[in-house]
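Q: Here's the letter readout for the chains.
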Amino acid sequence: MNLEEYLQILPYELCKEEKHEFLLKELNYLTTKHSAKCTKYKDILEAYNLSDIKYKEISEFLPLPVRLFKNYELKSCKNEEVIKTLTSSGTTSQQVSKIFLDKETSTLQTKALVKIMQSFLGKQRLPMLIIDTKSILKNRKMFSARGAGILGLSNFGRKHTYALDDNMEIDFDIIEKFLEENKGQKIFIFGFTFMIWQYFYTKLKEKKKKLDFSNAILIHSGGWKKLIDQAVDNNTFKSSLKEQTGINNIHDFYGMVEQVGSIFVECEEGHLHAPIFADIIVRDPMTMKINKFGVEGIIEVLSIMPRSYPGHILLTEDLGTILGEDDCQCGRKGKYFKVKGRLPKAEIRGCSDTHAFDSKGKK
Amino acid sequence: MSLNIVTPKNVNNLDDLKIENSVLVPFSNILISFVSDVSKAILKDPFFKEHPELMALAFWMRKSHIKQLHKYFVEQSENKVLLGRGIVFHMAPSNVDTIFVYSWFISLLVGNSNILRISDKENIQTSLLIGIINSVLELELYNILKNRVAIIRYGHEDDITLKLSQMADVRVIWGGDRTVEHIRTIPIKPTATELSFADKFSFAVINSKEIMEEKNLQDLIEKFYNDSFWFGQMACSSVRMVVWVGTKELNLEAQQLFWDKLNQYVLNQQPEEIAPADIVNKLVAECSMAIENHVTISKNENNPFINRVKINNIKEVNENLHCGTGLFYELEIDKFKDLLSSLTKKHQTLAYYGFSKEELKNIIYSSMPNGIDRIVPIGQSLDFSYIWDGYDLFRSFCREVEVL
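First to last, the protein sequences are chains A and B. Residue numbers for the first sequence follow the numbering used here, so the first one is 1 and each next one is one higher. Residue numbers for the second sequence follow the numbering used here, so the first one is 1 and each next one is one higher.
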């Protein structure tokens, strides 16, 4: 089976043996390819004495720590072949990841995303409500992650309507008009988890406003950090939104700019699912040995999409737990898991700070 | 703005803070007695028994040791008139919690008044330490010292630093390059002087031939562990590189022996302050080092506490990539002398094994290196000394009155 044929398969249809065989072949190929084309990646493999190894298990590859993409430009294509450069949001840290896409990678990522989204939204483009402000697309400074996310997902909807005005207030006129026009139809709502909670749900609740989105499917992403700080977990998020808007169908997804396309979407059972293009491994955060299913650890993500940068095997700084493989109640194949949140930050140590005077120090 | 004047207790804002600028006689009885009373109070408190670095501090403050310091001071000041400079403002580091006491007491012993800036980050050891010191200070016996010390906790407010700097005759900045650079933009009085401690890098040098013959290797391993693992390996004096001196074969054999032993010891210790985030940091550091230089990384699958990165030249050391918590650069050389010409102002402590003091002195004199502040046997890297980063602190806190 070649890659083209593999991409024809539905994203949650393969059992582990077939998937493993194909991923292993591709990841071996990608490791060799990136090593030949990206000097920095080659240097790392050589330093660990891991050059020219053919692996038999997907867990044997050396994962690159995802933070490396913030500190270094890692690229396995020529400069002139780069058609798009993605950057991470960089809200929590100053430095942003830079991810270089060539035509092949960009196309593959789009294909993978289409396959995944279609399995949740259907093949028809649905009327789409975006829980954000349209100005996010105009403001180049804010553009990076949120804008790119919205643009990426916009491909799966039509009649794109923005629910928030320039002041991040809910635009009730527009929403009611949108609901009226699309009465009886399935609606696609997209937004970032925190934006939805802060600027949509909380405001609706404050104003004691209820909306009827019982026909809608909501897909959201963007991390739980700020919500966990407010003691809002996934169940609270879902039940609160349901109460205010009647939405039954809510799907979070886990993904990162370093592996765009092969995202992990939450199923009806509340589990995140690995599509056939990607996989997940959970390791003990101290020893880096593989954890058994059910044991929480640090998440490693694997994807066969990254062809123009060595981001095919990445060690994240997220904690999660694999719940099972091929046997989720929702019927989808592949590993399914939950994400707990970020690894707690390391203590600041040493005598070399009366405290590191950063911009915060200069008042 | 967070400002907490911990000592004196009855003062709540800086404008009411009055610090005596007349100095006391160096090593006068009242000063020695105060320091040794604090030492006794610490040694009596069961809490501190679990904190070896605080016990080390208490031992340093014992009367017998202060007497030794006194003797040293008298020798140094023979035929000279040395007096305290007045008010010394110490800016303590936030994470090595004992430094501020050493810095303060050395200055106190030569008769100065002292202002201490301590981070506003709560830290139980520091708080308890200050509590003990305050309780001794409250004794009537020490009334004379009451308006000679202020302990102030605050964040990074430049206006506070400015006010305190303007009161001081000496300002001491306990490090970090960025901190030093920033604090230096805040002026001190024209008559004042300043001591500053930059970021430094420290390492061990081991004679491979000698270590193969060592009878009490376990003792050396324990000392090395303390030198490198305490303070998360991030103190200026923490050992962060091991240099092996010997032939290629001997170096390899010595490494095998040494790391095997250290592995076992560290696994038994299970340093609990090393957390998963540190493991990831070390992985990022290793990869970054591999990108920056042609290094070799040795992995020990069973021991997450020790990471080894072999380099080919001391110039390949990049202190900024080093994240501590058990990460070691390693370098092999034929002769000790090969190393010295590459040392810079960044290098602080050289912890040695298998060389004699005379040998080391000769090597230093014959090669006149640009850097290196301390050369100590392995096991003493973190010991505080009144000679620090090339300064004699007693001397730096004094002014000499020339009488002809």
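Hints may be right or wrong, so weigh each one.
As a list, the in silico SDA-like pairs of lysine to any residue whose alpha-carbon atoms are at most 20 Å apart [what the hints assert, rightly or not]:
| hint | chain 1 | residue 1 | chain 2 | residue 2 |
| --- | --- | --- | --- | --- |
| 1 | B | K310 | A | E46 |
| 2 | A | K42 | A | N79 |
| 3 | A | K289 | B | I363 |
| 4 | A | K205 | A | E243 |
| 5 | A | K345 | B | A275 |
| 6 | A | K207 | A | I175 |
| 7 | A | K209 | A | Q244 |
| 8 | A | K225 | B | K299 |
| 9 | A | K289 | B | I306 |
| 10 | A | K138 | A | T85 |
| 11 | B | K209 | B | W259 |
| 12 | B | K121 | A | E60 |
| 13 | A | K345 | B | K163 |
| 14 | B | K310 | A | F194 |
| 15 | A | K42 | B | I311 |
| 16 | B | K335 | B | I363 |
| 17 | A | K338 | A | F253 |
| 18 | A | K42 | B | I297 |
| 19 | B | K189 | B | S22 |
| 20 | B | K299 | A | D43 |
| 21 | B | K299 | A | P63 |
| 22 | B | K299 | A | E60 |
No wet-lab data here; the hints were simulated from the structure. Please read all numbers here as calculations on a predicted model, not as lab measurements.
Q: Evaluate each hint against the coordinates.
A: Each hint tested on the structure:
{"no.": "1", "hint": "B:K310 x A:E46", "result": "12 Å, holds"}
{"no.": "2", "hint": "A:K42 x A:N79", "result": "18 Å, holds"}
{"no.": "3", "hint": "A:K289 x B:I363", "result": "46 Å, violated"}
{"no.": "4", "hint": "A:K205 x A:E243", "result": "10 Å, holds"}
{"no.": "5", "hint": "A:K345 x B:A275", "result": "9 Å, holds"}
{"no.": "6", "hint": "A:K207 x A:I175", "result": "15 Å, holds"}
{"no.": "7", "hint": "A:K209 x A:Q244", "result": "7 Å, holds"}
{"no.": "8", "hint": "A:K225 x B:K299", "result": "33 Å, violated"}
{"no.": "9", "hint": "A:K289 x B:I306", "result": "16 Å, holds"}
{"no.": "10", "hint": "A:K138 x A:T85", "result": "18 Å, holds"}
{"no.": "11", "hint": "B:K209 x B:W259", "result": "15 Å, holds"}
{"no.": "12", "hint": "B:K121 x A:E60", "result": "42 Å, violated"}
{"no.": "13", "hint": "A:K345 x B:K163", "result": "34 Å, violated"}
{"no.": "14", "hint": "B:K310 x A:F194", "result": "45 Å, violated"}
{"no.": "15", "hint": "A:K42 x B:I311", "result": "17 Å, holds"}
{"no.": "16", "hint": "B:K335 x B:I363", "result": "11 Å, holds"}
{"no.": "17", "hint": "A:K338 x A:F253", "result": "10 Å, holds"}
{"no.": "18", "hint": "A:K42 x B:I297", "result": "14 Å, holds"}
{"no.": "19", "hint": "B:K189 x B:S22", "result": "17 Å, holds"}
{"no.": "20", "hint": "B:K299 x A:D43", "result": "16 Å, holds"}
{"no.": "21", "hint": "B:K299 x A:P63", "result": "14 Å, holds"}
{"no.": "22", "hint": "B:K299 x A:E60", "result": "14 Å, holds"}
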